[in-house]
Amino acid sequence: MSNILECKNVTKVFGAKAALRDVTLNIPRGKIVGLLGPNASGKSTFIKLCNDLLTPTSGEILIDGKKPGVDTKKIVSYLPERNYLNDWMRVSDIIGLFRDFYTDFNEEKAYDMLKRLDINPKDKLKTMSKGTKEKVQLILVMSREAQLYMLDEPIGGVDPAARDYILDTILSNYNENATIIISTHLISDIEKILDEVVFIKEGKIVLTKTVDEIREESGKSVDSLFREVFKC
Amino acid sequence: MLANLMKYEIKGTARLFIPLYLALLLFALLNRIINPFGMIESSENFNLQVMFSIISITVYFILIVGIFVMTLIIMIQRFYKNLLGDEGYLMFTLPVKSWQHIVSKLLVSMLWTILSFIMAICSILILVDSDNLFKEIRQLISRFTDIFGSAGFFTLPYYALLSLTTGILMIYAAIALGHLFSKHKLMASFGMYCVLYVIYQVVMVLFILVFGKKIFTPVLSSPIPTPSDINTLVFSFSIPTILIMAANFILTNYILQKKLNLE
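Heads up: the protein sequence lines correspond to chains A and B, in order.
Under this note's numbering, the first residue of the first sequence carries the number 1, and numbering increases by one thereafter.
Under this note's numbering, the first residue of the second sequence carries the number 1001, and numbering increases by one thereafter.
Because the hints were derived from the structure by calculation, they are not lab data.
All residues carry an ideal CB built from backbone N, CA and C; glycine is no exception.
One or more hints might be untrue.
[What the hints assert, rightly or not] Here are the computed lysine to aspartate or glutamate pairs in the DMTMM-like style, where the Cα-Cα straight-line distance is at most 20 Å:
id, chain 1, residue 1, chain 2, residue 2
1, B, 1007, A, 60
2, B, 1007, A, 93
3, B, 1097, A, 71
4, A, 126, B, 1136
5, B, 1011, A, 60
6, A, 130, B, 1146
7, A, 126, B, 1087
8, B, 1011, A, 71
9, B, 1259, A, 100
10, A, 74, B, 1263
11, B, 1097, A, 100
12, A, 115, A, 93
[Stated by the list, open to error] To give a feel for the contact side, a few chain A residues facing chain B, derived at Cβ under 8 Å:
id, residue
13, 25
14, 54
15, 73
16, 100
17, 105
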């Protein structure tokens, strides 16, 4: 199996509205993939489907050859686009929770990153700012030695200085057989770390290419190609 | 994994219950020491002591009622917020099955409900004169064995636990159903609870209509029903309750598994 993620004709309908339409997509191992599209284009829906938080209306998703479920949750590390931390917990409590549930969680790594970002593990989450909570979540997610990381808008709420550190963190914290899927509309910030891009528009995949292909064929950056494809 | 889920569920709820229990026991003790009832009886006119006594009694009763209201609210809030709110993003990406989420929440809710009862009883034991009380309890137990026989010490707790389980699962099913609505989810959950409750009553009535003659005849025909008659009656009624319990569980699990749609 060379593909970590295989998506066959996946459609997801909410009421009368289709959030994803007939999406077929294969994502190989060992790549950093940008899932790029404007707001409400279906990025989050796609990621939620891969994490078993939604069930597809039709079609099939396979992660490491398996349908989303307990087995895939063991190897997928997911960062949702919102804060999911229990407010009453301390950072050390939530680290304990990750250690108890995920066998691939590297506790040492987590404490190391907290230290570098000056976050006190004894602090309660309630007292933290939104940006700090986002950093904590990202640290938790990247401290797992997962096979597939799915990061939904990982840099949306943090300042540009922390953004660079976070991107470095992402790059230096995954092994080369793992794949990272990053969904965002802040393309220029992450362009330099991407291997491949997937453009998604109104629930449909409109383009799947490697960054090198884009540069060779059109001579454009991903950011300017994005602006062209999604021109209003 | 179930044990791990329960560990975090207890951690998440104990911080709310333990202070309440301590406050209740403390006020029971305080009321025992200052004996406000005696104080009110013995004083001839309204004074500061009487006022303090009334306040002390009132706080104690508010705490007793408050503990049961809190038990219910926390039961609802943990399921709604921890599984179907933002925290659900974490809970449902843990490598555990959805039935384990339900069972862990159910067992911990049952634990707190039972503990709340025990705490209420403990506070009463602290509050009242214990010599008389133990005599009364012994009398109560002998009355109980007259009616239910010693088997009653099994059948009644069994039915109580069964009803508690069914009640909690019905609340979970109602919240899960309410979550399927795109707006006014809490209102919808309340409406769904009413619907489920009516269905439960209908099933019970149908059960009595169909099997009533068989079940009630031995109890009604003898002037004093034997303990075994009464225990058979309790067991018979547990059959439709078990069915309703199972239906609520399966429904909740199905929604969490297949129809989950976090905000």
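Okay, the hints, checked on the actual structure:
1. B/1007 with A/60: Answer violated: residue 1007 of chain B to residue 60 of chain A is near 35 Å, above 20 Å.
2. B/1007 with A/93: Answer holds: residue 1007 of chain B to residue 93 of chain A is near 12 Å, not above 20 Å.
3. B/1097 with A/71: OK: residue 1097 of chain B and residue 71 of chain A at ~10 Å, within 20 Å.
4. A/126 with B/1136: With a Cα-Cα distance of about 49 Å, the restraint between residue 126 of chain A and residue 1136 of chain B is violated, given a limit of 20 Å.
5. B/1011 with A/60: violated (38 Å)
6. A/130 with B/1146: Measuring from Cα to Cα gives roughly 64 Å; hence the hint is violated.
7. A/126 with B/1087: This hinted pair holds, its Cα atoms lying about 14 Å apart.
8. B/1011 with A/71: It is violated: about 26 Å lies between the C-alpha atoms, which goes past 20 Å.
9. B/1259 with A/100: violated (27 Å)
10. A/74 with B/1263: violated (23 Å)
11. B/1097 with A/100: holds (15 Å)
12. A/115 with A/93: holds (16 Å)
13. 25: violated (21 Å)
14. 54: Residue 54 of chain A check passes; min Cβ-Cβ to chain B is 6 Å, inside 8 Å.
15. 73: Cβ of residue 73 of chain A sits 4 Å from chain B, so the hint holds.
16. 100: holds (5 Å)
17. 105: violated (11 Å)
Hints 1, 4, 5, 6, 8, 9, 10, 13 and 17 from the earlier list are contradicted by this structure; the remaining hints agree with it.
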